Amino acid sequence: MSEVITKPNIVSAPDGHQQPGFFATSLEKAVGLARKNSIWPLPFATSCCGIEFMALMASHYDLGRFGSERLSFSPRQADLLMVMGTIAKKMGPIVRQVYEQMAEPKWVLSMGACASSGGIFDTYSVLQGIDKIIPVDVYVPGCPPRPEQVIDGIMLIQDMVGKEHFRRRQSPEYKDLMTKYGMENQEK
Amino acid sequence: MQNTPADFLPIIITFIVASGFVVTTMFVTHLLGPKRHSKIKQESFECGIESQGNARIPFSIKYFLVAILFVLFDVEVIFMYPWAVNFKELGILGFMEMGLFIAFFMVGFFYIMKKGALKWE
Amino acid sequence: MKFEADQILKEAGKQFSTLNLGPTHPATHGIFQNVLKMDGEIIVDAEPTVGYIHRAFEKIAERRPFYQVTPLTDRLNYCSSPINNMGWHMTVEKLIKCEIPKRAQYLRVIIMELARITDHLVCNSVIGVDSGAMTGFLYVFQLREHVYEIYEEICGARLTTNIGRIGGMERDFNETAWKKLNLFVEELPKKLEEFEKLLVRNRIFMDRTIGVGKISAERALNYGFTGPNLRATGVDYDVRVMNPYSSYEDFKFIIPVGKSGDVYDRFMVRQQEMWESFSIIKQAIKNMPDGPFHAEVPEFYLPPKEEVYNNMEALIYHFKIVMGESEVPKGEVYHCVEGGNGELGFYLISDGGRCAYRLHFRRPCFIYYQAYPEIIKGAMLSDAILTLSAMNVIAGELDA
Amino acid sequence: MTENILLNTVDEKLKAKFGDAIISSEQSYDFPVFVIKREKIFDVVKFLKEDSELAFEFLTTLCGLHYPDNKGQELGVMYQLHNLPKNWRIRLKIFFPINDPEVPTLTSLFSSANWQERQEYDFYGIIFKGHPDLKRILNMDEMNYHPMRKEYALEDGTRTDKDDSMFGR
Chain A
1 MSEVITKPNI VSAPDGHQQP GFFATSLEKA VGLARKNSIW PLPFATSCCG
51 IEFMALMASH YDLGRFGSER LSFSPRQADL LMVMGTIAKK MGPIVRQVYE
101 QMAEPKWVLS MGACASSGGI FDTYSVLQGI DKIIPVDVYV PGCPPRPEQV
151 IDGIMLIQDM VGKEHFRRRQ SPEYKDLMTK YGMENQEK
Chain B
1 MQNTPADFLP IIITFIVASG FVVTTMFVTH LLGPKRHSKI KQESFECGIE
51 SQGNARIPFS IKYFLVAILF VLFDVEVIFM YPWAVNFKEL GILGFMEMGL
101 FIAFFMVGFF YIMKKGALKW E
Chain C
1 MKFEADQILK EAGKQFSTLN LGPTHPATHG IFQNVLKMDG EIIVDAEPTV
51 GYIHRAFEKI AERRPFYQVT PLTDRLNYCS SPINNMGWHM TVEKLIKCEI
101 PKRAQYLRVI IMELARITDH LVCNSVIGVD SGAMTGFLYV FQLREHVYEI
151 YEEICGARLT TNIGRIGGME RDFNETAWKK LNLFVEELPK KLEEFEKLLV
201 RNRIFMDRTI GVGKISAERA LNYGFTGPNL RATGVDYDVR VMNPYSSYED
251 FKFIIPVGKS GDVYDRFMVR QQEMWESFSI IKQAIKNMPD GPFHAEVPEF
301 YLPPKEEVYN NMEALIYHFK IVMGESEVPK GEVYHCVEGG NGELGFYLIS
351 DGGRCAYRLH FRRPCFIYYQ AYPEIIKGAM LSDAILTLSA MNVIAGELDA
Chain D
1 MTENILLNTV DEKLKAKFGD AIISSEQSYD FPVFVIKREK IFDVVKFLKE
51 DSELAFEFLT TLCGLHYPDN KGQELGVMYQ LHNLPKNWRI RLKIFFPIND
101 PEVPTLTSLF SSANWQERQE YDFYGIIFKG HPDLKRILNM DEMNYHPMRK
151 EYALEDGTRT DKDDSMFGR
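Chains as they are written, first to last, in our numbering: chain A, 1 to 188; chain B, 1 to 121; chain C, 1 to 400; chain D, 1 to 169.
Everything labelled a hint here was simulated from the structure, so no lab data went into it.
Everything numeric in this text was worked out from a predicted model, so none of it was measured.
Idealized CB from N, CA, C, for every residue including glycine.
Among the clues, some could well be false.
Unchecked claim - Computed list of lysine-lysine pairs in PhoX-like fashion (alpha-carbon distance at most 25 Å, straight line):
(1) Lys-49/D x Lys-71/D
(2) Lys-46/D x Lys-59/C
(3) Lys-180/A x Lys-114/B
(4) Lys-132/A x Lys-162/D
(5) Lys-377/C x Lys-162/D
(6) Lys-197/C x Lys-259/C
(7) Lys-132/A x Lys-197/C
(8) Lys-59/C x Lys-71/D
(9) Lys-330/C x Lys-135/D
To be verified - To give an idea of the chain A side of the interface with chain D (calculated C-beta under 10 Å), a few residues:
(10) His-17
(11) Lys-90
(12) Gly-129
(13) Lys-132
(14) Ile-133
Unchecked claim - Part of the chain A face toward chain D, derived, beta carbon under 10 Å:
(15) Lys-89
(16) Tyr-124
(17) Gln-170
(18) Ser-171
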């Protein structure tokens, strides 16, 4: 290690108006900063990618450095649905049910070739990619992807979370996306 | 030592600030957080499949019994904290007093053991 | 509502509540569903459902040339994929009756024993996690990372390794692979002992695992148990000793055997097997013969790239293998290896064509998971979850 | 060769007991293979399991076979039995027409056959008479065909990114 890191790198402040004594930024950016660094993933691990997720959570590649230390296995407290591994057609309705029961705002990361596009299993029993049943935000290629690749995917998700507008989930494009996937848009 | 009503001011202020914090955070998150209701979201989470049957079915009293006993002995431990903090100042008198306090609980505990409340089968 | 109350009262007689240990559940370490009929905390009946990641391996294997089936096999038991790869390669070598050199066999033994250690590391640490001891898992995963680095030196992949070729190894261990292997061999005993000290004499762990998930040897054999779960019941059946393959007869190792077939015995059998695998690796490193690392089977063994580019036969063989035109002898062969979970068998029928006519995998997980309802009947719910992780049921191998 | 001895000993005992129910017996690589009439399979396996000298008490595996071109014998089932103490392994095969895929179940002899028979029912549509609950195990229950039969394709056709012309298919 050439030079010893003395000061841990603190998350940089969002762009805002900086004057001596005060700092002003939009509420969206401040809330985005908070959400970005405290994503609770739901590890929907089915096959080999699940073991690579174990490596990702263990001490060597530690996902806890990115604030996603706390896994939530129930969709109620999850922000990020990480679908890892092959999703068979028998498993499709279950992925969709778990996605629907997640609280807004929610994001989906599809890890591995099997989840993203059916991967090497182009067979009668495998769902060819989970974007056929739920909208996916980030696809991580690889079979299984290396933990570094997944961390790159997680950082992409963090950018999206950081820049999310409050009105996005009520915007017409989002509503069309939902109706495209057949998810009803009951207002109140 | 006469305490005038003004002495209670700090307590009221802390109480207001505490409840104020709770109310504002609840209100702000309700306002800021995006909401999207759907029928499926209202259903209970059943590991991914549709839930069948009624969740409100009678279950055995043993669960309730163990829970209540835990609460009871947990409260007992709460009384020990202040004693443990200034353990030195209270000296032998405080020690004996707390010993008596624990003895009363031990009688109750012995009763529970004899009645077999903790036996699970 | 009057009717509602009556209905519940009538049901209160001897009504069992059903609990769904469903597909997405943190405790099932994979995708299985068990609808449990419960009387309070005691399980009265369990009805398992599997097939949630059925990927039709056997159908794919009928459409792939022989060397392309290897990536399939390392997604069977993905905690110890090199063993499955080697098992498949040995099946084809048995079909084409090719004898691979001693050095390649010894290299294969090292890799298979490394894979067995990693498989048992994950299983034993997950037994710890399920009985509440999380630290063991984090210590032990560090060891697994070091084995990943050794795999990367040999075949470039971490988990789904696709290691070895039909007829030997794709390349010899290079300098850093030997260095990392020796580093791992020095470091393993210390770390393994540390992990053992955490759990083996741990009062809570012993109370949680001794006498839990018992199965008798006779019932285990009837259910087709093989591997550590069978050895935990007292039957010393190990394929490496029963019909030795890849020169396992040259190594001295004992088969650890349990007595009562409960979770503690399974844990101890796997722990002891790790020590045995460790000693096998040391023996293999010590008397590693030199010589070629692959057999002369040109129409099956992919020639190295530099040969392909500058001499004619290698180019022709390369083309024939890749397009799958190399003529394969007709016949049917069954070969089994001692996988992480038991006897992993490959039943291959080849009609001389480009691909296997029929390839059936004998998957130990699929066969012994049938006994799960019988084992957990009458047990507590938390014991059932501990039994599931102690049987090391891997979804990929179960639903292949 | 030790295998041939095993082949002959088992062959004699079976021929003595069952006569013409044993259609053929030959040595394939290191396995003696016996082709048996479908009706007698239960009795043969029961005899092999309970016979004191043979004692094949371990069912290694069983799997379905499909040969579409030999008429009248399209479907088949392969059983592998293993005598653990003596380390003897044998393979039994039965063949039967595709329009009457009835086979007696072995679940009463080996509990390990339960799910394996369900898997072969799921893959090939072989109906095991007397099986406790014969229903699909790996595929979805709504699947109306048996996918492992030779005439069905591997892919389910929803993939658009793989155009076969590049692969010469």
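Hints and how they fare:
1. Lys-49/D x Lys-71/D: 32 Å, violated
2. Lys-46/D x Lys-59/C: It is violated: about 31 Å lies between the C-alpha atoms, which goes past 25 Å.
3. Lys-180/A x Lys-114/B: Given pair Lys-180/A, Lys-114/B is violated - Cα atoms ~64 Å apart, limit 25 Å.
4. Lys-132/A x Lys-162/D: Within the cut-off at roughly 17 Å; holds.
5. Lys-377/C x Lys-162/D: Given that 25 Å is the threshold and the Cα spacing comes to 48 Å, the pair is violated.
6. Lys-197/C x Lys-259/C: Holds. Lys-197/C to Lys-259/C sits at ~22 Å (cutoff 25 Å).
7. Lys-132/A x Lys-197/C: This hinted pair is violated, its Cα atoms lying about 49 Å apart.
8. Lys-59/C x Lys-71/D: Holds, at roughly 22 Å.
9. Lys-330/C x Lys-135/D: Not OK: Lys-330/C and Lys-135/D at ~34 Å, beyond 25 Å, violated.
10. His-17: 48 Å, violated
11. Lys-90: Holds, about 5 Å.
12. Gly-129: This hint holds: Gly-129/A lies near chain D, its Cβ roughly 9 Å from the closest one there, short of 10 Å.
13. Lys-132: 8 Å, holds
14. Ile-133: Violated - the Cβ of Ile-133/A stays beyond 10 Å from chain D, reaching only about 12 Å at its closest.
15. Lys-89: 6 Å, holds
16. Tyr-124: This hint holds: Tyr-124/A lies near chain D, its Cβ roughly 5 Å from the closest one there, short of 10 Å.
17. Gln-170: This hint is violated: Gln-170/A lies away from chain D, its Cβ roughly 33 Å from the closest one there, beyond 10 Å.
18. Ser-171: Since chain D brings no Cβ nearer than about 29 Å to Ser-171/A, farther than 10 Å, the hint is violated.
When each numbered hint is compared with the structure, violations occur for hints 1, 2, 3, 5, 7, 9, 10, 14, 17, 18.
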